[in-house]
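**Q** Those sequence lines, one after another, are chains A and B.
Quick note on our numbering: the first sequence kicks off at 1 and runs consecutively.
Quick note on our numbering: the second sequence kicks off at 1 and runs consecutively.
Calculated from the structure, these hints are not laboratory results.
All figures in this text were calculated on a predicted structure; none of them were measured in a lab.
Among these hints, one or two may not hold up.
Stated by the list, open to error - Each computed DMTMM-like pair below joins lysine to aspartate or glutamate, with the alpha-carbon atoms no more than 25 Å apart: (1) Lys94(B) - Asp129(B); (2) Lys177(A) - Glu181(B); (3) Lys224(B) - Glu41(B); (4) Lys94(B) - Glu203(B); (5) Lys253(B) - Asp215(B); (6) Lys30(B) - Glu178(A); (7) Lys308(B) - Asp140(B); (8) Lys30(B) - Glu41(B); (9) Lys224(B) - Glu38(B); (10) Lys253(B) - Glu50(B); (11) Lys94(B) - Glu178(A); (12) Lys30(B) - Asp69(B); (13) Lys177(A) - Asp140(B); (14) Lys202(B) - Glu173(B); (15) Lys177(A) - Asp101(B); (16) Lys30(B) - Glu203(B); (17) Lys177(A) - Asp129(B); (18) Lys94(B) - Asp140(B); (19) Lys177(A) - Asp257(B); (20) Lys30(B) - Glu173(B).
Claimed, not checked - Calculated from the model, a selection of chain B residues having no Cβ within reach of chain A, i.e. all distances over 10 Å: (21) Glu118; (22) Gly165; (23) Arg242; (24) Gly286.
Glycine included, every Cβ here is placed at the ideal spot set by N, Cα and C.
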Amino acid sequence: MTAVHMTTRPPGAFALFWGRARRNKATAIGASLVLIMVASAILAPWIAPYDPLEQDIIARLEPPSETYWLGTDPYGRDILSRILWGGQVSLFVSTSAVLMAMLVGSTIGIVSGYVGGRFDRVVMAGMDVLLSFPSLIMGLLVVAMLGPSVINLILAIGLTAIAPFARIARAPTLVIKEREFVEAGRAMGFSHGRIMGVHILPNVASEVMVMGSLWLATAIRTEASLSFIGLGVRPPTPTWGSMIREGFENILDAPWLSVFPSIAILVVMLGLNLLGDGLRDATDPRLRHE
Amino acid sequence: MTTPLLEVSDLRKTFTVRRGFPRTETVHVKALAGISFEIAEGEAFGLVGESGCGKSTAGRALLRLIEPDGGRVAYRNEDFLAASGARLRQLRQKLQIVFQDPFASLNPRRTVGQTLAEPMQVHRLGSRDAISARIAAVLDEVGLPRAALEKYPHEFSGGQRQRIGIARALVLEPELIVADEPVSALDVSIQAQILLLLDGLKERRGLSFLFISHDLGVVRHFCKRVAVMYLGRIVEDGPTDRIFDEPLHPYTKALRDASPVPDPRAKVTMARLEGEVASAINPPSGCHFHPRCPHAMDRCRVEYPELKAVAPGRRVACHLHDQAA
Numbered sequence: 001m002t003a004v005h006m007t008t009r010p011p012g013a014f015a016l017f018w019g020r021a022r023r024n025k026a027t028a029i030g031a032s033l034v035l036i037m038v039a040s041a042i043l044a045p046w047i048a049p050y051d052p053l054e055q056d057i058i059a060r061l062e063p064p065s066e067t068y069w070l071g072t073d074p075y076g077r078d079i080l081s082r083i084l085w086g087g088q089v090s091l092f093v094s095t096s097a098v099l100m101a102m103l104v105g106s107t108i109g110i111v112s113g114y115v116g117g118r119f120d121r122v123v124m125a126g127m128d129v130l131l132s133f134p135s136l137i138m139g140l141l142v143v144a145m146l147g148p149s150v151i152n153l154i155l156a157i158g159l160t161a162i163a164p165f166a167r168i169a170r171a172p173t174l175v176i177k178e179r180e181f182v183e184a185g186r187a188m189g190f191s192h193g194r195i196m197g198v199h200i201l202p203n204v205a206s207e208v209m210v211m212g213s214l215w216l217a218t219a220i221r222t223e224a225s226l227s228f229i230g231l232g233v234r235p236p237t238p239t240w241g242s243m244i245r246e247g248f249e250n251i252l253d254a255p256w257l258s259v260f261p262s263i264a265i266l267v268v269m270l271g272l273n274l275l276g277d278g279l280r281d282a283t284d285p286r287l288r289h290e
Numbered sequence: 001m002t003t004p005l006l007e008v009s010d011l012r013k014t015f016t017v018r019r020g021f022p023r024t025e026t027v028h029v030k031a032l033a034g035i036s037f038e039i040a041e042g043e044a045f046g047l048v049g050e051s052g053c054g055k056s057t058a059g060r061a062l063l064r065l066i067e068p069d070g071g072r073v074a075y076r077n078e079d080f081l082a083a084s085g086a087r088l089r090q091l092r093q094k095l096q097i098v099f100q101d102p103f104a105s106l107n108p109r110r111t112v113g114q115t116l117a118e119p120m121q122v123h124r125l126g127s128r129d130a131i132s133a134r135i136a137a138v139l140d141e142v143g144l145p146r147a148a149l150e151k152y153p154h155e156f157s158g159g160q161r162q163r164i165g166i167a168r169a170l171v172l173e174p175e176l177i178v179a180d181e182p183v184s185a186l187d188v189s190i191q192a193q194i195l196l197l198l199d200g201l202k203e204r205r206g207l208s209f210l211f212i213s214h215d216l217g218v219v220r221h222f223c224k225r226v227a228v229m230y231l232g233r234i235v236e237d238g239p240t241d242r243i244f245d246e247p248l249h250p251y252t253k254a255l256r257d258a259s260p261v262p263d264p265r266a267k268v269t270m271a272r273l274e275g276e277v278a279s280a281i282n283p284p285s286g287c288h289f290h291p292r293c294p295h296a297m298d299r300c301r302v303e304y305p306e307l308k309a310v311a312p313g314r315r316v317a318c319h320l321h322d323q324a325a
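With these hints in hand, go ahead and build the complete structure from the sequences.
**A** See below:
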C-alpha cells in the first residue's frame with residue numbers, strides 16, 4: 001500500500017468547478033448573480049413591498065420614486081413587486097422545463113447510444129428533426145396546440161431542449177460502453193438497465209449538468225419570448241416576458257415598465273452563461289491538467 | 001474420459017464493417033474462423049498469438065460478451081450459447097473475466113466496496129453481512145487491505161487495481177476465469193506478483209484459466225497446455241513444455257525464437273519472420289501463414305491444412321507434418 005491518505009472521490013465536475021470558481025472571477029460573479037435572482041424570487045412574498053396584483057387607480061404610471069422604487073404600471077401595480085413575483089413564475093417554468101428535458105433527453109441519449117446500430121440511427125435522426133426547429137417556433141407550435149398554461153409552457157420549452165440533451169448524453173455513452181468495466185458488468189450478469197443506470201449515467205452526468213446550466217438561460221429567454229407574444233401564463237399573473245409586453249404599449253412615455261423586467265432577464269441570463277462557461281471549462285478534459 | 005469443464009468447438013465470429021463514402025463497401029473480418037479447444041477442471045490453458053490474431057475475440061466470444069456467429073461452447077456439458085434469461089445469468093457466475101487494462105476495467109465513480117458488492121447483490125448471494133464477510137475474505141486472498149473498500153480506483157496503482165479486478169471476478173465464486181492479457185499492462189516486477197497471486201488461486205481454489213497472452217514467457221510459466229493462434233485459427237496446440245521445446249508448426253517456432261530467453265548464456269538465434277501479419281480482411285489463400293513461412297510448398301498456397309493430431313494431446317495444422325505422418 002502507498003502512504004496513508006484521505007479517501008477522495010474522483011474529482012467530479014462539481015469539485016473541480018468549485019476549485020476553479022475560486023480562481024475564476026467570471027464564474028464566481030455568474031454564480032452570485034444567479035443566486036441573488038433566485039433568492040429574491042423565492043423570498044418575494046416577504047420582501048416585495050406591495051401586492052403584485054393590487055391595483056391603485058391614483059398611482060397609475062408613476063415613474064420610479066421613493067415610494068415605488070421601479071415605478072408603477074397603467075393599473076397602478078408596483079413594478080418591483082411584480083418583478084419579484086414574476087421571477088417565481090419565470091424561474092419555475094424554465095427550471096422545470098430544463099429538468100424535464102434533462103431527464104428525458106439524457107435517457108434517450110444513453111439508451112440510444114448503448115443500444116446502438118439501426119435503433120440509434122433512427123432515434124438520433126428523430127432528434128435531429130427536433131433540433132432543426134428553433135426553440136421559439138417549437139414552443140409556439142406546442143402552446144398554440146395545447147393552449148397557454150404553466151404546464152403546457154413547461155412542456156413546450158422542455159420539448160425544445162430534449163434533443164440537445166440526448167446528443168450530449170449519447171456522445172460519452174458511446175465511449176463508456178466500450179470500456180471494460182461495462183463488459184465486466186455484462187460478464188457478471190448485470191441487466192442492461194443496471195449497466196446504463198448505475199455504470200454509465202454517473203459518468204455522463206457532469207456533461208449533462210453543464211448543458212443544463214446553459215440551457216436554463218435559453219429556457220428563460222424562450223419563456224419570456226412566449227409570454228411576450230401572449231402565449232405565456234395568463235394575466236394577471238406577472239412573468240417577466242408578459243411585463244415587457246404590457247409595458248410595450250407605453251414604451252415612450254413610461255419606459256421603466258419594459259426596461260426593468262428586461263434587466264431582470266438580462267441579469268439572470270448573464271449569470272447563467274457565466275456559470276455555464278465556468279462549469280464547461282471545469283469539465284473540459286483538455287483544461288483539466290493545466 | 002472425464003468431461004472437460006469447458007469445451008469450445010468450432011467457435012466462429014466474423015465482424016462486418018461498412019466503410020467508404022459515398023460508395024460503401026462491406027468488409028468482413030474473420031476474427032475467429034472456427035476454433036476448438038477444451039479446458040479441464042483446474043487447468044490453465046494458454047492462448048497465444050500476435051496482436052490481431054483473434055485471441056481476445058475468442059475469450060470474449062466464449063463468454064458471449066461478443067455474440068459468436070456459430071460453434072458450441074459447453075460448460076459442464078451444458079450449451080452456454082443456447083442459455084438465456086435466468087439460466088444464462090446463473091452460468092455467468094461460473095465464468096468470469098479479468099481484463100488487461102486495470103484503468104479501464106473499473107468504474108471510476110464506484111468505490112472498491114461497491115464494485116465488489118454489486119455482483120453479489122445482483123445475484124442475491126446472501127445477506128448484507130454475508131456479503132461483507134465474503135468481500136473481506138476475497139480482499140485478504142488478493143492481498144488488499146480492508147481500508148481499500150472505501151476508496152476509489154484512481155487512488156490505486158496499476159498492480160493494486162489489477163488485484164481489485166481479480167477480486168471482482170472472485171466474489172461470484174467462478175470455476176473458470178478468462179484472463180485476457182492480465183499482466184501485459186503492468187511493470188515487470190508487478191507482473192510477477194500478479195502471476196504469483198493467480199498461481200495461488202489456481203492451487204487453492206482449483207480454478208481453471210483461459211490465459212490469453214502474447215508473452216510466451218508468462219504463458220510458459222502459467223499454463224500446462226497452450227494453443228497458438230494465427231489469423232483466427234489455431235495452428236498448433238498441446239502441452240506447453242513440448243510445444244516450446246519442440247515446436248512443430250513453423251509459426252510456433254518463429255514465435256518462440258522471437259521471444260527472449262532469460263539466460264545470458266543462451267545462444268541467440270535471431271530467426272525473424274519476414275513480412276507483416278497478413279490482413280484478416282483478405283487472408284492469403286491456402287495456409288494463411290504461407291507468405292511468411294520458410295518451408296512453404298505449392299500445396300500450402302492452395303489448401304488450408306487441417307488441424308490434426310500428430311501425437312497424443314498434440315495437434316498441428318501444417319502440411320509438413322501431414323507428409324511425415
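**Q** Next, verify each hint and record whether it holds.
**A** Now the hints, each set against the structure:
In summary, the hint linking Lys94(B) to Asp129(B) is supported, as the alpha carbons are separated by about 22 Å, within the 25 Å threshold. Straight-line distance between C-alpha atoms of Lys177(A) and Glu181(B) comes to about 20 Å, which keeps the hinted pair within the 25 Å bound. Of the pairs offered as hints, the one joining Lys224(B) and Glu41(B) holds, with about 12 Å between alpha carbons and a cut-off of 25 Å not exceeded. Our distance criterion of 25 Å between C-alpha atoms is met by Lys94(B) and Glu203(B), whose separation comes to about 17 Å.
Pair hint Lys253(B) plus Asp215(B) holds up; C-alpha atoms about 14 Å apart against a cutoff of 25 Å. Under the criterion of a C-alpha separation no larger than 25 Å, the hint pairing Lys30(B) with Glu178(A) is consistent with the structure, at around 21 Å. Among the hinted pairs, Lys308(B) with Asp140(B) is inconsistent with the structure: their alpha-carbon atoms are about 45 Å apart, more than 25 Å. Our distance criterion of 25 Å between C-alpha atoms is broken by Lys30(B) and Glu41(B), whose separation comes to about 30 Å.
Restraint check for Lys224(B) and Glu38(B): the C-alpha separation of about 12 Å stays at or below 25 Å, so the hint holds. Restraint check for Lys253(B) and Glu50(B): satisfied, since their Cα atoms lie roughly 13 Å apart, inside the 25 Å limit. Under the criterion of a C-alpha separation no larger than 25 Å, the hint pairing Lys94(B) with Glu178(A) is consistent with the structure, at around 23 Å. Restraint check for Lys30(B) and Asp69(B): the C-alpha separation of about 11 Å stays at or below 25 Å, so the hint holds.
With a C-alpha separation of about 31 Å, the suggested pair Lys177(A) and Asp140(B) falls outside the 25 Å cut-off, and the hint is violated. As the CA atoms of Lys202(B) and Glu173(B) are separated by approximately 13 Å, the hinted pair is consistent with the 25 Å bound. With a C-alpha separation of about 15 Å, the suggested pair Lys177(A) and Asp101(B) falls inside the 25 Å cut-off, and the hint holds. Straight-line distance between C-alpha atoms of Lys30(B) and Glu203(B) comes to about 36 Å, which puts the hinted pair past the 25 Å bound.
Between the alpha carbons of Lys177(A) and Asp129(B) the distance comes to roughly 32 Å, so the proposed pair goes past 25 Å and is violated. Restraint check for Lys94(B) and Asp140(B): the C-alpha separation of about 21 Å stays at or below 25 Å, so the hint holds. For the proposed pair Lys177(A) and Asp257(B), the alpha carbon gap of about 39 Å is over 25 Å, so the pair is violated. For the suggested pair Lys30(B) and Glu173(B), the alpha carbons sit about 34 Å apart, so the restraint of at most 25 Å is broken.
The Cβ of Glu118(B) does not lie farther than 10 Å from every Cβ of chain A; its closest approach is about 8 Å, which violates its non-interface assignment. The claim that Gly165(B) is not at the interface with chain A is violated, since a C-beta of that chain comes within 10 Å of its own (minimum 8 Å). Under the 10 Å C-beta cut-off, the non-interface status given to Arg242(B) relative to chain A holds; the minimum distance is some 32 Å. A cut-off of 10 Å between C-beta atoms confirms that Gly286(B) is not in contact with chain A; the least separation is 35 Å.
The structure does not agree with the numbered hints 7, 8, 13, 16, 17, 19, 20, 21 and 22 stated previously, though it agrees with the rest.
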